[in-house]
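The lines below spell out each chain.
2 protein chains.
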Amino acid sequence: MKRRDFLAGAGAGAIAGSGAAKAARAAPAVSSGHFEWKMLTAWPKNFPGAGTGAQRIADRIETMSDGRLKIRLFAAGELVPAFELFDAVREGNAECGHSASYYWLNKHKATAFFCALPGGLTATEHNAWIYFGGGLDLWHELYGQFGLIAFPAGGTGVQMGGWFRKEINSLADMKGLKMRMPGLAAEVLNRLGATAVNMPAGEIMPSLQSGVIDATEWIGPWNDLALGFYKVAPYYYGPGFHEGNSAQELMINRAAWEALPADLQAIVRGAAEMENLGIVTEYVANNADALKVLVEKHKVKVGALPDDVMKESFRISADVVAEVADIDDIGRRIYESWSKFRNDAVGYAPLADYGFSRGRAL
Amino acid sequence: MKRRDFLAGAGAGAIAGSGAAKAARAAPAVSSGHFEWKMLTAWPKNFPGAGTGAQRIADRIETMSDGRLKIRLFAAGELVPAFELFDAVREGNAECGHSASYYWLNKHKATAFFCALPGGLTATEHNAWIYFGGGLDLWHELYGQFGLIAFPAGGTGVQMGGWFRKEINSLADMKGLKMRMPGLAAEVLNRLGATAVNMPAGEIMPSLQSGVIDATEWIGPWNDLALGFYKVAPYYYGPGFHEGNSAQELMINRAAWEALPADLQAIVRGAAEMENLGIVTEYVANNADALKVLVEKHKVKVGALPDDVMKESFRISADVVAEVADIDDIGRRIYESWSKFRNDAVGYAPLADYGFSRGRAL
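The listed protein sequences correspond, in order, to chains A and B.
Take the first sequence: its letter number 283 is residue 283 in our numbering, and every next letter is one higher.
Take the second sequence: its letter number 291 is residue 291 in our numbering, and every next letter is one higher.
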């Protein structure tokens, strides 16, 4: 995975290489029973949702621990660029990081299972797999190979399909389309006949304006409004097939984790779990309002992607995700656990949120 | 509200009146900085989901506080019956309770907004209103009138429509039907032409067998399987219109809450928030498996309620819920806040979980 593959804040404001990061390395405990940690984030400074939620995690840890564990937050690029977060935490240059595990496909493709998979699960379903379907143990096993441990720590909920410069009426309109798309979903798009391109946030607007790309996905109305895509791409389709939820992670250096007493471990894990629901619901609460601004003030045309595009995207997604099982033993076991859970969840969905929402819409 | 109005564990095993409860009253702090609390629950002992989740909340608080706040759990009837929990916590006979706020309709009908409303919201949407739509502040204002504070602390997710002795093919089949139904949804059922009856868990099976009732709602496959309704009512319809999520609460005596230092307050609130998602996802993870047992082993006929039943139930629900606004000022403000949020959430649903699940099912 290249530099340009990263979703947020990738190059912007990167000021420190590994030398500066090492200089900033903190001793695990500053005095008896007291700790100071650095939290790197993959988000631009004060990024609404994921970024402000990461700050709430740090604040809750400090309050619950009565100041025995203080955490200082660094936005993407302040200490290391977003895409170096994994290695910085792994090497102990920072004790923890708030990010999205599908940024680490170059470490192992199965990392995507703990963030978002094309054609996957909603936030509630995803967390049911993580907490009660075996997901968390598998995640710990995978990250353990890198000297890390991680906990679920937020999510975006369902993401929009994206912004398009021209109308999409059928699968044929996707052929030849150049579209920004991260993660395993990029491969799905390529197999649909489009051309997936990845680039960080700051490059998207000029690329849409110049015609380097014809379309882009980003997150949802609340975050998308701020970036101004409506100025150059009038068609806003949703939901997407690619992220039924894009979960965030609190990843922690294993040695730093093990240096904590049991009560502080429970507090750190707990603060992540609180915001695991907190950040998702903040997106849900803000998306509807932002959509109104896009439609009423900026005259954005909002609609669903055509059924044949959705159907084919979900079909191909199943193939792309299944290929992770061929990588190695842990990849196979993660795929099999998730796949069994997904089958059950999809089968049960007409009796759960999906069925209720459908009845409500009659 | 009468004894028999309560959902779970109402009379069963009730051993203590107010005298015993008073004798069990604990001093708020047992030694400097150390506290021992009682948590009453509205659930039978070891009740899967809500009951075992309440125990996890207590365990997490003890671990995160390094034993400075110990909480002893009491099932419904062990100290006071389920339906006396509100008053027992209010009067300080126990410091806190894990229950469902729609059990307290006799205190104020608006309590239902913090648990479940017919035709309402999914778990994710409900929590978005609570955390980021103004719900929590209104809840604190309402419970403050009773010397209580409460935090969201779990939920069942979407509940099934219920168990029926005869097939339901249209709205006409609901006329004259005697059905167990709690909360404001009972009034909806009555306006549909059915007759709502309320009774605690233990009375449902004999009532179905003797024909006192023709149908009952309970929770979902995971909890319903254990009660054996499939033996006398072969038709299992879902989802219901009545509980898109039935949220649980951690209610706390205000004086006990204020006696805690800030770090322990954050830990108590935090533990409730962790299990707010935890309990919901435990239901989601277990319902699909239990449904397979019901269908494959017990040959239960599972289906959706007819569209005209769902449509009319949702229509009447809106009227019944709106009537809470007429009670008083706080009732009106709670209704208006919730109603505005619900309109936005329903409008946005085709771009959120609902739209994603629909695309996935194509």
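Be aware that a few hints might be false.
Label-pair distances were calculated between CB atoms; the ranges are [unchecked claim]:
| no. | chain 1 | residue 1 | chain 2 | residue 2 | range |
| --- | --- | --- | --- | --- | --- |
| 1 | A | Lys-299 | B | Gly-33 | 35 to 45 angstroms |
| 2 | A | Glu-91 | B | Ala-259 | 42 to 52 angstroms |
| 3 | A | Asn-343 | B | Asn-190 | 36 to 46 angstroms |
| 4 | B | Asp-328 | A | Asn-106 | 54 to 64 angstroms |
| 5 | A | Lys-231 | B | Lys-299 | 57 to 67 angstroms |
| 6 | B | Gly-202 | A | Ala-361 | 32 to 42 angstroms |
| 7 | A | Pro-234 | B | Gly-303 | 36 to 46 angstroms |
| 8 | B | Asp-307 | A | Asn-343 | 23 to 33 angstroms |
Please keep in mind that the hints were generated in silico from the structure rather than gathered at the bench.
Even for Gly, the Cβ is constructed at its ideal location relative to N, Cα and C.
Results of checking the hints against the structure:
no.	hint	in the structure
1	A:Lys-299 with B:Gly-33: 35 to 45 angstroms	violated (60 angstroms)
2	A:Glu-91 with B:Ala-259: 42 to 52 angstroms	holds (45 angstroms)
3	A:Asn-343 with B:Asn-190: 36 to 46 angstroms	holds (40 angstroms)
4	B:Asp-328 with A:Asn-106: 54 to 64 angstroms	holds (60 angstroms)
5	A:Lys-231 with B:Lys-299: 57 to 67 angstroms	holds (59 angstroms)
6	B:Gly-202 with A:Ala-361: 32 to 42 angstroms	holds (37 angstroms)
7	A:Pro-234 with B:Gly-303: 36 to 46 angstroms	holds (43 angstroms)
8	B:Asp-307 with A:Asn-343: 23 to 33 angstroms	holds (27 angstroms)
Of the numbered hints given earlier, the model fails hint 1 alone.
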